[in-house]
Amino acid sequence: MGTQANTPAPAAVRSFSDVTLGEALPPLTVHVDRARLVQYAGASLDRNRIHWDEPFAKQVGLPDVIAHGMFTMGAAVTLVTDWVGDAGRVVEYGVRFTRPVVVPYDTGADIEVSAIVKSADPETKRVTVELTATTAGEKVLGRALAVAVLD
Amino acid sequence: MPVNADFQGRAYPPTETYRVSAAKIREFAEAVGSADPVHVDADAARARGYADVIAPPTFAVLIAQQCDAQLIRDPEAGIDFSRVVHGEQRFTHHRPLTAGDAVIGTLHVDTVREAGGHAMVTTRTELATEAGEAVCTATSTIVIRGGE
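The listed protein sequences correspond, in order, to chains A and B.
For the first sequence, the positions run 1 to 151 when our numbering is used.
For the second sequence, the positions run 1 to 148 when our numbering is used.
Derived lysine-lysine pairs resembling DSBU-like cross-links, with alpha carbons at most 35 Å apart:
no.	chain 1	residue 1	chain 2	residue 2
1	A	K118	B	K24
2	A	K58	B	K24
3	A	K125	A	K139
4	A	K125	B	K24
5	A	K139	A	K58
6	A	K139	B	K24
7	A	K118	A	K139
Pulled from the structure, derived: some chain B residues nowhere near chain A, Cβ distances all over 10 Å:
no.	residue
8	Q70
9	V103
10	R113
11	H118
12	A128
13	G147
Heads up, incomplete: computed chain A residues facing chain B, CB under 10 Å, no partners named:
no.	residue
14	G42
15	L45
16	V60
17	V77
18	T78
19	T81
20	G88
21	P100
22	L145
23	V147
In short, the hints are calculated from the structure, not lab data.
Ideal Cβ positions, reconstructed from N, Cα and C, are used throughout, including at glycine.
Work out the full structure, taking the sequences as your base and the hints as a guide.
Written out as structure tokens, the structure reads:
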């Protein structure tokens, strides 16, 4: 890659040959508060009140407002797309929602995301990454696997 | 059972066209915290071989959930939306959703089953361009909680 003075090199897509099985990706902490959930509700068009209206959430039996599962899923995969170097290289991504992320008004919540390389296919240059997402020490995603095609 | 089991195997007619815009992609990317310029900078996207800015991997849910609404709002299905919890979600991208795409979704009800007093419904939305190019398969499992 060229190194022109004063010009940052464009982010390159990760090379398959640089990946090792079991490799840990740089972890990520996602802070989520009510404002973030309102932002996601508008962006995703999922305006379910359980994600921003505390009295409503409690009325339907939840401990408090909870994050959209799809917010957690979407925020968690940025760890993978940053590592890959191009969000368009993620060809498969699936999760189970095992536990809601409760988002108190005062403090919000932190979602800790980590990931490791589970498998890598040299013929297709596809790597499968397993993600772990926890909040307050409890797993919120299960069977979270993303497949990306590298260079 | 809180869901009509006859719905397994049913397909709904294709939806109206959804037009993917650069503005919605940017809004969605900011909301999930994706800093990849490929979502907001058309030149950066073209430099990587895309026709325009591309959507983050979970953007397709926005279109798929509009398709799912056909089933959830279908009175014959008997789904009480206030008891619905999202159980699983999966995307298979045949290529990235790109600004300018005119996309049609076709909803399939793959399975309706019961487990532990709850009903679980797995739907699959096939997203394709108006020209018929497959773009994304989005699979969702919802859990409809049974009575306490």
